[in-house]
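Asks: All chains, please: the whole structure from these sequences, using the hints.
So the sequences go chain by chain: A, B, C and D. Letter 178 of the first sequence, counting from 1, is numbered 178 in my numbering, and no numbers are missing. Quick note: to get my numbering, add 1000 to the position in the second sequence (first position is 1). Quick note: to get my numbering, add 2000 to the position in the third sequence (first position is 1). Quick note: to get my numbering, add 3000 to the position in the fourth sequence (first position is 1).
For lysine-lysine, the following DSS-like pairs were computed, each having C-alpha atoms within a straight-line distance of at most 27 angstroms:
#, chain 1, residue 1, chain 2, residue 2
1, A, 205, C, 2221
2, B, 1205, A, 295
3, B, 1208, A, 181
4, D, 3221, B, 1208
5, C, 2237, A, 53
6, D, 3076, C, 2074
7, B, 1205, D, 3076
8, C, 2063, C, 2031
9, A, 31, C, 2031
FYI, nobody ran anything at the bench for these hints, they're computed from the structure. The structure presented is a predicted model; accordingly, all values stated were derived computationally and were not measured.
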Amino acid sequence: MKNKPSLAVNIGGLKMNNPVMTASGTFGFGKEYAPYLDLNRLGAIVVKGTTLKPKAGNKVPRIAETPAGMLNAVGLENPGVDYFLAHEMPFLKQHDVPVVVNIAGNSAADYAELAARLDREEGIAALEVNISCPNVKQGGIAFGTQCSMAQDVIGAVRKVTQLPLIAKLSPNVTSIVEIAKSVEEAGADAVSLINTLLGMSIDAKTRKPRLANIVGGLSGPAVKPVALRMVWQVAGAIDIPIIGMGGIMTAEDAVEFLIAGASAVAVGTANFVNPHATMDIVNGIEQYLEEEGMKDIHELIGSLQI
Amino acid sequence: MKNKPSLAVNIGGLKMNNPVMTASGTFGFGKEYAPYLDLNRLGAIVVKGTTLKPKAGNKVPRIAETPAGMLNAVGLENPGVDYFLAHEMPFLKQHDVPVVVNIAGNSAADYAELAARLDREEGIAALEVNISCPNVKQGGIAFGTQCSMAQDVIGAVRKVTQLPLIAKLSPNVTSIVEIAKSVEEAGADAVSLINTLLGMSIDAKTRKPRLANIVGGLSGPAVKPVALRMVWQVAGAIDIPIIGMGGIMTAEDAVEFLIAGASAVAVGTANFVNPHATMDIVNGIEQYLEEEGMKDIHELIGSLQI
Amino acid sequence: MSQQMQARILFNEQVGPDVFRMVVEAPEIAKEVKSGQFFHVRCGAEYDPLLRRPISIHQYRSKTGELFFLYQVKGKGTALLSQMRPGEYVDLMGPLGNGFSLKKGNGLYVLVGGGIGIAPLLSVAQDIKKQGFEIVTLLGAQSRSHVYVEDDFRLYSDQIFIWTVDGSSGLKGLVTHMLPEVIRTCNINQILTCGPHGMLKEVAQQAMAANIPCQVSLEEKMGCGVGACLSCACSIKVPEDSAFTYKKVCVDGPVFEAEEVIWDEE
Amino acid sequence: MSQQMQARILFNEQVGPDVFRMVVEAPEIAKEVKSGQFFHVRCGAEYDPLLRRPISIHQYRSKTGELFFLYQVKGKGTALLSQMRPGEYVDLMGPLGNGFSLKKGNGLYVLVGGGIGIAPLLSVAQDIKKQGFEIVTLLGAQSRSHVYVEDDFRLYSDQIFIWTVDGSSGLKGLVTHMLPEVIRTCNINQILTCGPHGMLKEVAQQAMAANIPCQVSLEEKMGCGVGACLSCACSIKVPEDSAFTYKKVCVDGPVFEAEEVIWDEE
Ligand SMILES: Cc1cc2nc3c(=O)[nH]c(=O)nc-3n(C[C@H](O)[C@H](O)[C@H](O)COP(=O)(O)OP(=O)(O)OC[C@H]3O[C@@H](n4cnc5c(N)ncnc54)[C@H](O)[C@@H]3O)c2cc1C
Ligand SMILES: Cc1cc2nc3c(=O)[nH]c(=O)nc-3n(C[C@H](O)[C@H](O)[C@H](O)COP(=O)(O)OP(=O)(O)OC[C@H]3O[C@@H](n4cnc5c(N)ncnc54)[C@H](O)[C@@H]3O)c2cc1C
Ligand SMILES: Cc1cc2nc3c(=O)[nH]c(=O)nc-3n(C[C@H](O)[C@H](O)[C@H](O)COP(=O)(O)O)c2cc1C
Ligand SMILES: Cc1cc2nc3c(=O)[nH]c(=O)nc-3n(C[C@H](O)[C@H](O)[C@H](O)COP(=O)(O)O)c2cc1C
Ligand code: FES
Ligand code: FES
Chain A
1 MKNKPSLAVN IGGLKMNNPV MTASGTFGFG KEYAPYLDLN RLGAIVVKGT TLKPKAGNKV
61 PRIAETPAGM LNAVGLENPG VDYFLAHEMP FLKQHDVPVV VNIAGNSAAD YAELAARLDR
121 EEGIAALEVN ISCPNVKQGG IAFGTQCSMA QDVIGAVRKV TQLPLIAKLS PNVTSIVEIA
181 KSVEEAGADA VSLINTLLGM SIDAKTRKPR LANIVGGLSG PAVKPVALRM VWQVAGAIDI
241 PIIGMGGIMT AEDAVEFLIA GASAVAVGTA NFVNPHATMD IVNGIEQYLE EEGMKDIHEL
301 IGSLQI
Chain B
1001 MKNKPSLAVN IGGLKMNNPV MTASGTFGFG KEYAPYLDLN RLGAIVVKGT TLKPKAGNKV
1061 PRIAETPAGM LNAVGLENPG VDYFLAHEMP FLKQHDVPVV VNIAGNSAAD YAELAARLDR
1121 EEGIAALEVN ISCPNVKQGG IAFGTQCSMA QDVIGAVRKV TQLPLIAKLS PNVTSIVEIA
1181 KSVEEAGADA VSLINTLLGM SIDAKTRKPR LANIVGGLSG PAVKPVALRM VWQVAGAIDI
1241 PIIGMGGIMT AEDAVEFLIA GASAVAVGTA NFVNPHATMD IVNGIEQYLE EEGMKDIHEL
1301 IGSLQI
Chain C
2001 MSQQMQARIL FNEQVGPDVF RMVVEAPEIA KEVKSGQFFH VRCGAEYDPL LRRPISIHQY
2061 RSKTGELFFL YQVKGKGTAL LSQMRPGEYV DLMGPLGNGF SLKKGNGLYV LVGGGIGIAP
2121 LLSVAQDIKK QGFEIVTLLG AQSRSHVYVE DDFRLYSDQI FIWTVDGSSG LKGLVTHMLP
2181 EVIRTCNINQ ILTCGPHGML KEVAQQAMAA NIPCQVSLEE KMGCGVGACL SCACSIKVPE
2241 DSAFTYKKVC VDGPVFEAEE VIWDEE
Chain D
3001 MSQQMQARIL FNEQVGPDVF RMVVEAPEIA KEVKSGQFFH VRCGAEYDPL LRRPISIHQY
3061 RSKTGELFFL YQVKGKGTAL LSQMRPGEYV DLMGPLGNGF SLKKGNGLYV LVGGGIGIAP
3121 LLSVAQDIKK QGFEIVTLLG AQSRSHVYVE DDFRLYSDQI FIWTVDGSSG LKGLVTHMLP
3181 EVIRTCNINQ ILTCGPHGML KEVAQQAMAA NIPCQVSLEE KMGCGVGACL SCACSIKVPE
3241 DSAFTYKKVC VDGPVFEAEE VIWDEE
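Replies: Structure representation (structure tokens):
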């Protein structure tokens, strides 16, 4: 019998059976998509961005569709870390899938406190530090656009946790390479790229912004070329692994990110369009490897032919 | 008889009958689209980026389609300023439409020499200084991503010409507002935003980049949300007028840019999809003004309701 | 349970200037659906438009396994939907949301629908009729040509009143003008309503003032449809100490009790 | 003159596993087109796919005002095109490009087509036949099922040879294998060819070695189709002192003389 190719990857200590993760904020806490797929077949579940205290989030409308994309300004609505641990983790723990918690805060101290809290909990496989959310007034995006602040946050979190630490970067910067280097230096075990591009939509009829928050984050196929470019640029500049995301809809898209140098991928907006997109992508990557005669996904990672 | 609304705008000394321009590099030297529309009905024609010496440009493939967008890496192919003046200007001069020359160079001195050369010529209504082309190795994008270099180039050009001077900015920056402020300070009469977003496309089958140049500039509807956001941000920060562009396909799109604060718009990729897009947009803006009971386009500009 | 499926289109016919009725074959699903639930519909195979569109169940026939949708062409998505032909397949996700739940009593039910908001009410009317109760239906529209599937409603309604803003059909004015009279004169078990937000608010307030149970079907822009993206927040009263400020139209709704909704927020 | 138009589709039928023939009504244009020219076709109304697709004229009938296209479904654009139905309208821009120009002489013409590259050659065959000249046609394909519209070519060709890579139809091997023999045994006015780049290069080199005029139809990814965007650069010999290094497939081509092309570049 033919052996299946190996899809397993290790993202800075986060071990996954396959490289397909969910993108934070697009997959809830996992249970929402349970009717549509077997959660155990995911590489990892990255849950909605979590903060110390509950956050109400922004007013509606919170989303607007754009050509081949969407803007969102959810504003980090979440029930807070305590609620998450009490009410969402139990369900996730029933599964055999790594859980990555995406964290956000208003200061380096916030992030550190949250990380310390999660570090003590069982069943959490890694932390993804969102230093790039464009939808909150304070902090958020600023952390991700200046190297020094990015370093402060990652450094503070690094001090309080042994968990694999993934820095999630903003694409709204002049040099993604500089930011990536600075978080690597500050002790990140991996980077996630990209978060959403800052965008805006206006209703010509009412002359009002289509989002209550005026601006929001652009995601979906529209941003894929930018995401792919950033993954490729960063792959050439840092030694820690990259989780690539931004507009991945199909296995072919995922393969492109792996070729560009990502060691894993996250699927976001695609979940809304196709609730079993992640499964299709896992299967499709496996099929691609078989067709190409590759025995291990690492043969594919960073294999761009120039 | 009902009076038609006034569509005339003045962009830092560049007077146009309507706010609809062509985006540099997407409309050749005008003659290419002459079979499809009446060039005299355009607000202005912005010609292909021009350099002192002829440039061969990049190898093919130079374009790749992406979801709701396209990447290009033409690499500033152009016959040089002398050829342009001898062979392309005569045709343009036969028309009654302002001609804006988009210029590029490898150093502030290059730009200044080119600007000085064009300043002496008749029939040129304005200069658009491209400090943002992502497709040339040297210079190009670097000028547009650092305030000091942007200022150097614009300052050098400002010294040698009285023509209306438009700075065309790159969106691949952390703060478009800072760059816009710095070119305003250096003497620009207007800004054009946005040039293309740096992107990449990979062919999963061959594992090669789809562009010979590896990376290229993303344009088309996919980038509209980013462009609109930048126009809105910059409109709140500078006093010189803005020419908005990036994914404008229809009059409704154009109206959105005007609402966000652009005083004129440029149509790029849309020309390839619909060769008389510019005319449809001029007509559509006029109709919008009529329907809204507006007598002058200036009632629309910057009219975002927040 | 909610699922994603390719359903074969049996009919897709125009029933008004901008309104279509689509009938699809979905035998398993047609047995499970509840009136007031919706499906999240993919309107094209490419990425523009990208997102699914929520469309309510208009009617379901458990026996024949048919699902009906009544939809208005608003933009790109619904325009593409209207171009689909019988024999083709449409990508559905659902049934989603909670649906209406009928409050029992010895009175009658009042249905109030405005615009395309009438869509889910036909299914409700069917349910009520099956249980042998009386129905008074009030339908509001802009003008005569915007009164859709009136005959279907007549089939189930004991009394039906059509209101048009321009008076070109039925009575002239807003459908809510008549509600006070209906409330005064009838013994009402429950009011069930769907339509523009302003109408819902008016209906809800009249019902609450008269202490009549009232369910409203809300709308909000949706991403996922399953509670994962938090796009569809709506202002619903929650306990002071709750970790949540908003509820989600897609999973907590789209149907809410009138008194749960915070109507003052804009 | 080139224009943009909405042309009514008369037929759009499958003629091979992945190949379709579309016939549209375009009376004015059908009078003006030249074999070897192409149309820039919009394949969908939304923004994905965004760009037009270049498709050659396969046949034109000035009398009935019909234009024929023969196209292979490769990706999104051509897939959408194949779903269009008679009675619908397709958005065309054209005719574009230079087209083939026949070199007169007292010999015959050789047509060499590979894959879907045969599309424009049928139109050329018609032109040549109208002028009473003899035609030898060599068509290459992957396998039997990839030999399209063979009968149409038989209609105009005095001799026709089919080559398939797997030998499942006609002769086994590459179509270019036979060219030396044809060149040796025939008095050839001109060779006209369209197909994969490797094939064109081989044909061009054989023709040049034998001093036979040869026109090749090139392909390159296109943006505008009218010479404005500089996407479609191809390496053509230009004078040393020219301001240009490249020519444009869309306006300077797609048909070039074999000796103009710089074949060594990759
Ligand atoms: C629970 C629910 C049930 C619905 N049932 C029906 C029905 O049975 N029949 C019917 O005709 N319409 C119904 N609608 C409204 C319908 O979803 C929108 O009219 C439709 O999404 C418009 O899409 P479009 O592409 O045609 O328009 P566009 O304006 O191009 O849509 C652009 C974007 O806005 C969103 N959007 C626009 N209007 C609405 C809206 N009112 N609610 C939610 N999202 C919106 C779209 O999903 C899309 O993301 C329902 C809405 C909800 C929330
Ligand atoms: C002058 C000319 C004439 C042509 N005539 C015909 C014809 O008669 N019949 C036919 O079947 N094909 C013809 N082609 C090729 C045809 O244009 C492509 O197969 C088609 O564009 C593929 O589009 P797609 O969306 O199906 O595939 P995709 O792969 O999804 O296309 C993606 C992108 O690549 C471009 N592209 C892909 N292949 C080509 C190509 N070979 N040439 C140019 N651009 C390409 C598309 O335009 C699009 O921008 C011609 C090409 C040229 C340049
Ligand atoms: C509705 C929505 C909510 C999101 N919330 C978060 C979040 O809480 N934390 C975070 O790091 N990223 C968040 N993101 C960004 C995604 O995780 C992802 O980086 C981005 O959407 C790009 O991927 P995509 O194009 O596949 O969606 C959110 C995206 C969307 C669309
Ligand atoms: C093929 C192509 C060539 C371009 N060449 C130039 C150029 O020479 N100079 C320049 O300033 N911008 C150039 N641009 C950028 C456009 O002028 C415009 O800023 C950008 O495409 C965004 O607008 P759009 O989305 O409407 O195309 C080019 C764009 C395209 C697509
Ligand atoms: S639509 Fe995603 S949470 Fe309701
Ligand atoms: S396709 Fe634009 S120049 Fe040829």
